[in-house]
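Protein chains: 2
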Amino acid sequence: MKTATEQFKIIELKESVFEDNNRVADKLRERLKTEKTFLLNLMASPGAGKTTLLVCTIEKLKSELRIGVMEADIDSSVDARKIADTGVRAIQLHTGGMCHLDAGMTEQGLNEFGSGELDLVVLENVGNLVCPAEFDTGSVKSAMILSVPEGDDKPLKYPLMFSVVDALVISKIDCLPYFDFSVEAVRERAKKLNPDIEIFEVSAKTGEGIDEWVKWLKKNVCDWNLID
Amino acid sequence: MKTATEQFKIIELKESVFEDNNRVADKLRERLKTEKTFLLNLMASPGAGKTTLLVCTIEKLKSELRIGVMEADIDSSVDARKIADTGVRAIQLHTGGMCHLDAGMTEQGLNEFGSGELDLVVLENVGNLVCPAEFDTGSVKSAMILSVPEGDDKPLKYPLMFSVVDALVISKIDCLPYFDFSVEAVRERAKKLNPDIEIFEVSAKTGEGIDEWVKWLKKNVCDWNLID
Numbered sequence: 001m002k003t004a005t006e007q008f009k010i011i012e013l014k015e016s017v018f019e020d021n022n023r024v025a026d027k028l029r030e031r032l033k034t035e036k037t038f039l040l041n042l043m044a045s046p047g048a049g050k051t052t053l054l055v056c057t058i059e060k061l062k063s064e065l066r067i068g069v070m071e072a073d074i075d076s077s078v079d080a081r082k083i084a085d086t087g088v089r090a091i092q093l094h095t096g097g098m099c100h101l102d103a104g105m106t107e108q109g110l111n112e113f114g115s116g117e118l119d120l121v122v123l124e125n126v127g128n129l130v131c132p133a134e135f136d137t138g139s140v141k142s143a144m145i146l147s148v149p150e151g152d153d154k155p156l157k158y159p160l161m162f163s164v165v166d167a168l169v170i171s172k173i174d175c176l177p178y179f180d181f182s183v184e185a186v187r188e189r190a191k192k193l194n195p196d197i198e199i200f201e202v203s204a205k206t207g208e209g210i211d212e213w214v215k216w217l218k219k220n221v222c223d224w225n226l227i228d
Numbered sequence: 001m002k003t004a005t006e007q008f009k010i011i012e013l014k015e016s017v018f019e020d021n022n023r024v025a026d027k028l029r030e031r032l033k034t035e036k037t038f039l040l041n042l043m044a045s046p047g048a049g050k051t052t053l054l055v056c057t058i059e060k061l062k063s064e065l066r067i068g069v070m071e072a073d074i075d076s077s078v079d080a081r082k083i084a085d086t087g088v089r090a091i092q093l094h095t096g097g098m099c100h101l102d103a104g105m106t107e108q109g110l111n112e113f114g115s116g117e118l119d120l121v122v123l124e125n126v127g128n129l130v131c132p133a134e135f136d137t138g139s140v141k142s143a144m145i146l147s148v149p150e151g152d153d154k155p156l157k158y159p160l161m162f163s164v165v166d167a168l169v170i171s172k173i174d175c176l177p178y179f180d181f182s183v184e185a186v187r188e189r190a191k192k193l194n195p196d197i198e199i200f201e202v203s204a205k206t207g208e209g210i211d212e213w214v215k216w217l218k219k220n221v222c223d224w225n226l227i228d
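Keeping their order, the protein sequence lines are chains G and H. With the numbering used here, letter number 50 in the first sequence gets 50, and the count goes up by one each step, no holes. With the numbering used here, letter number 103 in the second sequence gets 103, and the count goes up by one each step, no holes.
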């Protein structure tokens with residue numbers, strides 16, 4: 001078995017306080033377009049199942065796409081280890097206590113992967129429904145996960161997050177019998193905030209709905225990278 | 001049925017950017033000591049069950065203590081409504097997008113309750129495991145909830161939160177059969193970060209463990225307020 005140091009690199013991020021984040025984010029997207037790399041910013045509460053969904057997604061796509069994952073956490077490397085075990089490239093980003101990633105921090109991670117070597121990079125943002133919604137990371141698309149145990153009132157309480165993402169993945173739907181959670185209420189509340197949002201219902205445990213999510217992601221990667 | 005406006009007040013908070021937060025927090029604790037009011041800062045991820053635990057706790061204590069609850073949210077008033085339905089005093093604090101409460105914001109809420117009218121005030125902080133851990137709200141004690149569906153790796157990923165609280169409530173333990181969650185691992189990881197932390201295992205659904213948590217809270221309120 002490989003040690004952590006052999007499997008993936010840990011990067012201690014520095015905050016870029018002097019630059020305008022939106023400008024850095026736009027420049028990063030231009031670079032990604034040139035290099036034919038699609039960057040997805042994946043956000044959610046702590047424990048919503050970001051890493052688990054990613055592992056499922058990677059298993060479906062790793063034979064067709066060159067994939068890299070940047071795991072952003074305040075501390076620990078448990079997520080990067082799980083991703084590295086799938087065989088794709090993984091980097092652990094330590095935010096030094098920061099509650100979100102900005103475009104400059106995202107770029108520090110991307111630089112570690114080298115230029116144009118990957119078709120799809122996923123940034124797993126810090127577990128937080130508030131702050132990451134306020135910062136453009138330079139990603140091409142963004143998605144959020146809402147897990148059934150968190151409750152169907154979350155679009156009411158964290159409206160910005162539901163407003164800024166391209167896709168909402170409702171996860172752990174195998175748990176629906178045990179929780180008072182209305183998928184219809186979430187759909188309605190999310191669509192009210194964000195009429196164009198794509199909504200998926202998935203269970204990493206049973207595999208339900210994973211194919212639809214993976215199909216959406218793959219189509220977006222191919223469109224951006226001009227792959228037929 | 002009362003309307004929201006009759007049941008509870010909504011306060012739009014202003015951030016106090018010019019004052020030193022720790023100084024404001026210490027002053028607020030002095031005031032609380034004089035007024036014989038115990039303030040608990042309750043923190044957790046979105047959807048961990050803060051409001052549900054509070055409703056259970058209020059039902060057990062409202063005949064003995066005068067209780068008030070401040071519900072901090074970025075938006076919506078669903079939580080204040082649930083609390084007001086228990087018959088205790090409730091205030092909804094809107095943070096204007098802010099991801100945490102500081103002592104100045106907490107004081108704005110407390111002022112609405114008047115002076116010395118309550119034995120116990122609970123501040124339900126914004127759902128977030130990162131930012132609220134960094135700000136002293138002026139509370140006498142603080143507690144966090146970790147729900148079983150979030151996973152047992154959370155002390156590894158959000159160490160500051162587990163380090164600063166006086167009590168950890170592991171919630172939704174009725175869900176243990178459906179999730180891969182080790183209570184022992186959480187206990188060990190939390191104690192390593194914070195040897196003095198008090199840990200409770202509860203289910204608001206079955207009522208398991210609620211009495212132990214309520215007993216701890218009541219003892220702290222009585223000690224602070226010099227009630228026998």
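Worth flagging that the hints you see were computed from the coordinates, not collected in a lab. Bear in mind that the values here come from a model prediction, so they are computed numbers and not experimental data. Cβ atoms here follow ideal geometry from the backbone N, Cα and C, with glycine treated the same way. Keep in mind that the hints are not guaranteed to be accurate.
Derived lysine-lysine pairs resembling DSSO-like cross-links, with alpha carbons at most 27 Å apart [stated by the list, open to error]:
| hint | chain 1 | residue 1 | chain 2 | residue 2 |
| --- | --- | --- | --- | --- |
| 1 | G | K141 | G | K27 |
| 2 | H | K9 | H | K60 |
| 3 | H | K33 | H | K9 |
| 4 | G | K60 | G | K27 |
| 5 | H | K82 | G | K192 |
| 6 | H | K60 | H | K192 |
| 7 | G | K205 | G | K60 |
| 8 | G | K9 | H | K192 |
| 9 | G | K82 | G | K60 |
| 10 | H | K60 | H | K27 |
| 11 | G | K205 | H | K215 |
| 12 | H | K82 | H | K219 |
| 13 | G | K191 | H | K82 |
| 14 | H | K205 | H | K219 |
| 15 | H | K27 | H | K141 |
| 16 | H | K9 | G | K192 |
| 17 | G | K82 | H | K60 |
| 18 | G | K82 | H | K191 |
| 19 | G | K215 | G | K192 |
| 20 | G | K141 | G | K218 |
| 21 | H | K215 | H | K141 |
Residues on chain G that point at chain H, a partial pick, calculated with CB under 10 Å [what the hints assert, rightly or not]:
| hint | residue |
| --- | --- |
| 22 | D79 |
| 23 | G116 |
| 24 | E134 |
| 25 | L146 |
| 26 | P159 |
| 27 | I173 |
| 28 | C175 |
Pair by pair, the computed Cβ-Cβ distance ranges are [as the list claims (entries may be wrong)]:
| hint | chain 1 | residue 1 | chain 2 | residue 2 | range |
| --- | --- | --- | --- | --- | --- |
| 29 | G | I199 | H | S63 | 58 to 68 Å |
| 30 | H | E30 | G | G87 | 52 to 62 Å |
| 31 | H | D85 | G | E212 | 35 to 45 Å |
| 32 | H | E134 | G | I199 | 29 to 39 Å |
| 33 | H | N111 | G | N111 | 43 to 53 Å |
Checked hints:
| no. | hint | result |
| --- | --- | --- |
| 1 | K141(G) to K27(G) | holds (15 Å) |
| 2 | K9(H) to K60(H) | holds (24 Å) |
| 3 | K33(H) to K9(H) | holds (25 Å) |
| 4 | K60(G) to K27(G) | violated (31 Å) |
| 5 | K82(H) to K192(G) | holds (23 Å) |
| 6 | K60(H) to K192(H) | violated (32 Å) |
| 7 | K205(G) to K60(G) | holds (15 Å) |
| 8 | K9(G) to K192(H) | holds (26 Å) |
| 9 | K82(G) to K60(G) | holds (16 Å) |
| 10 | K60(H) to K27(H) | violated (31 Å) |
| 11 | K205(G) to K215(H) | violated (38 Å) |
| 12 | K82(H) to K219(H) | holds (25 Å) |
| 13 | K191(G) to K82(H) | holds (25 Å) |
| 14 | K205(H) to K219(H) | holds (24 Å) |
| 15 | K27(H) to K141(H) | holds (15 Å) |
| 16 | K9(H) to K192(G) | holds (26 Å) |
| 17 | K82(G) to K60(H) | violated (43 Å) |
| 18 | K82(G) to K191(H) | holds (25 Å) |
| 19 | K215(G) to K192(G) | holds (25 Å) |
| 20 | K141(G) to K218(G) | holds (12 Å) |
| 21 | K215(H) to K141(H) | holds (14 Å) |
| 22 | D79 | holds (8 Å) |
| 23 | G116 | violated (31 Å) |
| 24 | E134 | holds (8 Å) |
| 25 | L146 | holds (8 Å) |
| 26 | P159 | holds (5 Å) |
| 27 | I173 | violated (13 Å) |
| 28 | C175 | holds (6 Å) |
| 29 | I199(G) to S63(H): 58 to 68 Å | violated (45 Å) |
| 30 | E30(H) to G87(G): 52 to 62 Å | holds (58 Å) |
| 31 | D85(H) to E212(G): 35 to 45 Å | holds (39 Å) |
| 32 | E134(H) to I199(G): 29 to 39 Å | holds (33 Å) |
| 33 | N111(H) to N111(G): 43 to 53 Å | holds (49 Å) |
Checked against the numbered hints given earlier, this structure breaks hints 4, 6, 10, 11, 17, 23, 27, 29; the rest are met.
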